[in-house]
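Visitor: Given next are the chains, with one letter for each unit.
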Amino acid sequence: MSGTQSPPEADVEERAGEAEFTGRGLERVEDHRILTGRAEYVHDVAPENCLHMALVRSMHAHADIVDIDVSAALEVPGCEAVLTAEDIKERYNPMPCGLNGFEEWSLADGKVRYVGEPVAAVVATDRYVAEDAVDAVVVDYETRDCVVDPRGALEDDVVVHEEFGSNVADREELVFGDVEGAFEDADRVVESSYSWGRISGVPLETAGVVAQYDDDADSFDIDCNIQLHTLVDDTVYETLGYGPDDVHLNVPADVGGSFGTKIAIHRYCCLAAMASQQLERPVKFVEDRIENLQGGDMHSSEREYEVKLAVDDDGTIRGLDVWFVDDFGAWPRYPVNQVLKPLSVVSNAYDIQDVRYEYELVLTNKTSQTAYRGFGVPSHIYALEMIVEEAARELGMDPDELRRRNLIAPDQMPYELPTKNIYDSGDFPEAFEEIQRIVDEHERCEGGLLDPEVVAAKREEGKYRGVRPTVHIEPGVSGSDWTDRQRSDRAELDDRDRDDVAELPEHLRAEVLADGTVKAYIATDTSGQGHQTLVSQLLADELGVLPSDIEVGYLDSVEAPTEYGTAASRMAVMLSGATAGLGRTLVENLEALAAREWDCGVAEVAYRDGRVERVDTGESLSLADLANRDADGEFVRASYDYEHPASQLEEFDEALSRKFPVYPTAAFAANAPIVEVDAKTGEVDILKFYSLRDCGTQLNPTIVEGQAHGGIAQGVGAALQEEFGYDDAGQPQAITLFDYKLPSIENVPEIKLEHTETPSPFTETGAKGTGEGGMIDGPAAIAASINAALEPLDVTVDQIPFTPNRVRERIRNSSVER
Amino acid sequence: MSTDDTSVPADRPTEEITVTVNGETVTTEVEPRHKLSDFLREHLGLRGVRVGCEHGVCGACTVLMDGDAVKSCLSYAVQADGAELETVEGLADDGSLHPIQQSFHEEHALQCGFCTSGFVMATKELLNENPDPDDEEIREGLADNICRCTGYQNIYEAVNRAADRMEDE
Numbered sequence: 057m058s059g060t061q062s063p064p065e066a067d068v069e070e071r072a073g074e075a076e077f078t079g080r081g082l083e084r085v086e087d088h089r090i091l092t093g094r095a096e097y098v099h100d101v102a103p104e105n106c107l108h109m110a111l112v113r114s115m116h117a118h119a120d121i122v123d124i125d126v127s128a129a130l131e132v133p134g135c136e137a138v139l140t141a142e143d144i145k146e147r148y149n150p151m152p153c154g155l156n157g158f159e160e161w162s163l164a165d166g167k168v169r170y171v172g173e174p175v176a177a178v179v180a181t182d183r184y185v186a187e188d189a190v191d192a193v194v195v196d197y198e199t200r201d202c203v204v205d206p207r208g209a210l211e212d213d214v215v216v217h218e219e220f221g222s223n224v225a226d227r228e229e230l231v232f233g234d235v236e237g238a239f240e241d242a243d244r245v246v247e248s249s250y251s252w253g254r255i256s257g258v259p260l261e262t263a264g265v266v267a268q269y270d271d272d273a274d275s276f277d278i279d280c281n282i283q284l285h286t287l288v289d290d291t292v293y294e295t296l297g298y299g300p301d302d303v304h305l306n307v308p309a310d311v312g313g314s315f316g317t318k319i320a321i322h323r324y325c326c327l328a329a330m331a332s333q334q335l336e337r338p339v340k341f342v343e344d345r346i347e348n349l350q351g352g353d354m355h356s357s358e359r360e361y362e363v364k365l366a367v368d369d370d371g372t373i374r375g376l377d378v379w380f381v382d383d384f385g386a387w388p389r390y391p392v393n394q395v396l397k398p399l400s401v402v403s404n405a406y407d408i409q410d411v412r413y414e415y416e417l418v419l420t421n422k423t424s425q426t427a428y429r430g431f432g433v434p435s436h437i438y439a440l441e442m443i444v445e446e447a448a449r450e451l452g453m454d455p456d457e458l459r460r461r462n463l464i465a466p467d468q469m470p471y472e473l474p475t476k477n478i479y480d481s482g483d484f485p486e487a488f489e490e491i492q493r494i495v496d497e498h499e500r501c502e503g504g505l506l507d508p509e510v511v512a513a514k515r516e517e518g519k520y521r522g523v524r525p526t527v528h529i530e531p532g533v534s535g536s537d538w539t540d541r542q543r544s545d546r547a548e549l550d551d552r553d554r555d556d557v558a559e560l561p562e563h564l565r566a567e568v569l570a571d572g573t574v575k576a577y578i579a580t581d582t583s584g585q586g587h588q589t590l591v592s593q594l595l596a597d598e599l600g601v602l603p604s605d606i607e608v609g610y611l612d613s614v615e616a617p618t619e620y621g622t623a624a625s626r627m628a629v630m631l632s633g634a635t636a637g638l639g640r641t642l643v644e645n646l647e648a649l650a651a652r653e654w655d656c657g658v659a660e661v662a663y664r665d666g667r668v669e670r671v672d673t674g675e676s677l678s679l680a681d682l683a684n685r686d687a688d689g690e691f692v693r694a695s696y697d698y699e700h701p702a703s704q705l706e707e708f709d710e711a712l713s714r715k716f717p718v719y720p721t722a723a724f725a726a727n728a729p730i731v732e733v734d735a736k737t738g739e740v741d742i743l744k745f746y747s748l749r750d751c752g753t754q755l756n757p758t759i760v761e762g763q764a765h766g767g768i769a770q771g772v773g774a775a776l777q778e779e780f781g782y783d784d785a786g787q788p789q790a791i792t793l794f795d796y797k798l799p800s801i802e803n804v805p806e807i808k809l810e811h812t813e814t815p816s817p818f819t820e821t822g823a824k825g826t827g828e829g830g831m832i833d834g835p836a837a838i839a840a841s842i843n844a845a846l847e848p849l850d851v852t853v854d855q856i857p858f859t860p861n862r863v864r865e866r867i868r869n870s871s872v873e874r
Numbered sequence: 014m015s016t017d018d019t020s021v022p023a024d025r026p027t028e029e030i031t032v033t034v035n036g037e038t039v040t041t042e043v044e045p046r047h048k049l050s051d052f053l054r055e056h057l058g059l060r061g062v063r064v065g066c067e068h069g070v071c072g073a074c075t076v077l078m079d080g081d082a083v084k085s086c087l088s089y090a091v092q093a094d095g096a097e098l099e100t101v102e103g104l105a106d107d108g109s110l111h112p113i114q115q116s117f118h119e120e121h122a123l124q125c126g127f128c129t130s131g132f133v134m135a136t137k138e139l140l141n142e143n144p145d146p147d148d149e150e151i152r153e154g155l156a157d158n159i160c161r162c163t164g165y166q167n168i169y170e171a172v173n174r175a176a177d178r179m180e181d182e
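From first to last, the protein sequence lines stand for chains X and A. Start counting the first sequence at 57; every next residue gets the next number (the numbering used here). Start counting the second sequence at 14; every next residue gets the next number (the numbering used here).
Since the hints were derived computationally from the structure, they do not count as laboratory data. Check before you lean on any hint, since a few could be wrong.
Stated by the list, open to error - Reference excerpt, derived from the structure (chain A facing chain X, CB under 10 Å, subset only): (1) Val62; (2) Asp81; (3) Gln114; (4) His121; (5) Arg152; (6) Ala156; (7) Cys160; (8) Thr163.
Said to hold, decoys possible - Covered by chain A, according to a simulated footprint, are these stretches of chain X (three or more residues, beta-carbon under 8 Å): (9) 92–104; (10) 617–623; (11) 698–704; (12) 756–762.
No residue lacks a Cβ here, since even glycine has one placed at the ideal position from N, Cα and C.
Generate coordinates for the entire structure from the input sequences, incorporating the hints supplied.
Guide: Given below as structure tokens:
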């Protein structure tokens, strides 16, 4: 078991009567090993006799590979091998691809399609030597024209994959309700264009892998920091040409951030494994930061939107029409496809029943796309909020009033979206009013940031302050079987039966040890969310013991069932559901064991506070006693699979059977970031970020708050700073952290959080999940507040990130006199 | 602390250096191009030194050299010859956390933890120089480190708590 917990803390409170640990902000059990430098991230895994891999990467965006000369590299002392596509095609398979008709090898085969694409893998005694040898590999390229602009890619003048014949890898138009009627009947149609730049999670720890081939067992042990290791293990074992039981993917208990991005690092796992098999030695690869930013398969969505809103003069929104092109980069990466998830929140917090949604997924000569916190939703919420703002401007209406008028009302809950997903619970109008009250009370008053006198004085200096409250939904709990919709025959989806829907539960197991402590095993990976703490805290309540009596470890991809894991704020809901079920199962088992020991009926015993008591005599057996009486482990070991909440409910049948995104929990936030824009420099400063958040039952409020802070910080980066730009030749412009500007302590404002708790009626514990908020709702909220601040200049946020350059340009081009 | 000098092949140039790391003095041969971060992690087994960017922006590899915070990925091991180095491993005393570590724990100022050693060491330098920093001074003191998970607010709280705790000691 990996990931030993910290020693029991002196400050862990005693179990006091009926008081529960669930709902309390217990400090994390993960921290001690991290703070003392004893945590073992994959970068720290260093088996004896280990070789190191480095990659030769393309410097061209689009070129034919004429020749690869590895002879000089092999002469470098310490260089053990150089692999090219030719070498790996002899023995292995292409990597699974996100759409049918594409075949991607782990090394470029005949042609490169983006700068940074791996062309050859060099293995040497250490990374320094491996890089020496990389420099000695000579690749002869014949360059081609490239395609960089996603709208331009639609023209197919330059085609990234000739054998596919078009850059449009996939497109779909989905119509819900009477969209044509809504747009014809409405008093007016408002339309505009918005763009969302290429951003991503950029975790501080880069991808890493240590692969070891075992000749005797003909199997692989692969330590890596891939995300969803039990779900995407097929990307590794299928590529290697092995069965799922012969390739152990083991993710360390400590992963230095992922935010979705590390779902797609299988290429590195495959290459290191192949090299290990060839050389019969462990092979390690740690991606460096430039590789990571340039061509590390970790950029996320980049979108161009055309949005229309049908709206009446009284402010009633009648219909929504969204078209966008999503730049997938050079390859449709499996299993990532972020164009569909917005369907689960298609109208955000507004009541809109007639919706058209059309996307085009295009391929360009850029790094392939991976998942990022929010999984395609942040840009949709942003575009939707911007068109609502545009409607308010055209109607001459107060945007607050327009929003209020269209919010879904509490008596409409559970609310079925036209796209068939359901919001479980919540009072959006109340949250909207409350955030306004908070801002008025604290800031729109004497001495506040929005004191009218201060705002006026600042404006004299060219500094424009503003705030515009907004409400956003954070869809929670992925894992219904919609993500392969685009690999499915869509014509058949209409006839698909509810029974054909795959369930994707979350697995948890535990055993009581001879000393009476409990060892639990999580079947997924983690990257800083505190899963060990959560399970020990919840299971302690189920079993009536202390959290420090429960140690939590992780299962590798072979030990764990193939299931879903950490994604889309899933774990609060799924792990808490699994913990409750596991606790019940263990208690039943232990009661049965005690009844056997006492030779009495189960009805005559009762489990309480870590012991089983015999009701009539008052005798009792502790957990240690019970474990010692169960030599086979028949009773003291248990596992539980908690099913996706939607799969229990008929209301979701249509969505599930037609493979529409199903997210059965609607966490929500009402945000009010107060911004100040310097009209001279174009800089946007967020002075304070007010956010009222509701994620249902808070299992550990400290962790909930931490997730909100982190999400908002990433939202700030997305809105204002971060972007993977490219020049016309397809050269990436942000390949260091000097160019890709992550928010530092200087950029992230004070965050003022309020929480409400509206438990989900659909989940075991009432939790809704909270991992993606802030990143989902931050950019849209910041954009709306910038619009409010820049209203006097008639400047609006039409392009994310809204960098100083862009702000200055818009202000210069504004027709408003300053 | 383990030492492993076998990684340098005989045909590559090396230089002898002597460094004191967390109070222990080590004399060893290193390649002149060997980064201090790699030296600490690989030769001395101090894996609390994290490598996040290797170009001096993220600060995950921050250690103290003669009391000053330096980015060990931007230094070569040979540059540390004769220096006193402190890493996060040197802080905890017999298993009980240093006040800075304890404060980061209590304030939930870490999530994935990859940046944490760097933040802790930068905080140590900051509090050595200024035992009672205000928010602006904390901001300046930690502006060379990036955290991708926590959003910084809890890091301010942790630094303030550590300052109070160290003042009491």
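Visitor: Now tell me if each hint is right for this structure.
Guide: Taking the hints in turn, this is what the structure says about them:
For the restraint placing Val62 (chain A) at the interface with chain X, the shortest Cβ-Cβ distance is roughly 8 Å, inside the 10 Å limit, so the hint holds. A least Cβ separation of about 19 Å between Asp81 (chain A) and chain X goes past the 10 Å threshold, and the interface hint is therefore violated. Hint status for Gln114 (chain A) relative to chain X: holds, with the closest Cβ pair at about 4 Å, below 10 Å. For the restraint placing His121 (chain A) at the interface with chain X, the shortest Cβ-Cβ distance is roughly 5 Å, inside the 10 Å limit, so the hint holds.
Given the 10 Å rule on beta carbons, the hint for Arg152 (chain A) holds: about 5 Å separates it from the nearest Cβ of chain X. Given the 10 Å rule on beta carbons, the hint for Ala156 (chain A) holds: about 5 Å separates it from the nearest Cβ of chain X. Annotation: interface hint on Cys160 (chain A) holds; nearest CB of chain X at approximately 8 Å, less than 10 Å. Interface restraint check: Thr163 (chain A) against chain X, minimum CB-CB distance 5 Å, threshold 10 Å, status holds.
Restraint check on the region 92–104 of chain X versus chain A: 9 residues with Cβ-Cβ distances below 8 Å, three needed, restraint holds. Requiring three or more residues with a Cβ within less than 8 Å of a Cβ of chain A, the coverage given for the region 617–623 of chain X is violated, as only 0 such residues are present. Under the rule that three or more residues need a Cβ within less than 8 Å of chain A, the assignment of the region 698–704 of chain X is violated, with 0 such residues. With a threshold of 8 Å between beta carbons, the proposed coverage of the region 756–762 of chain X by chain A holds, since 4 of its residues qualify and at least three are required.
Going down the numbered hints, you'll see the structure goes against 2, 10, 11, while the others check out.
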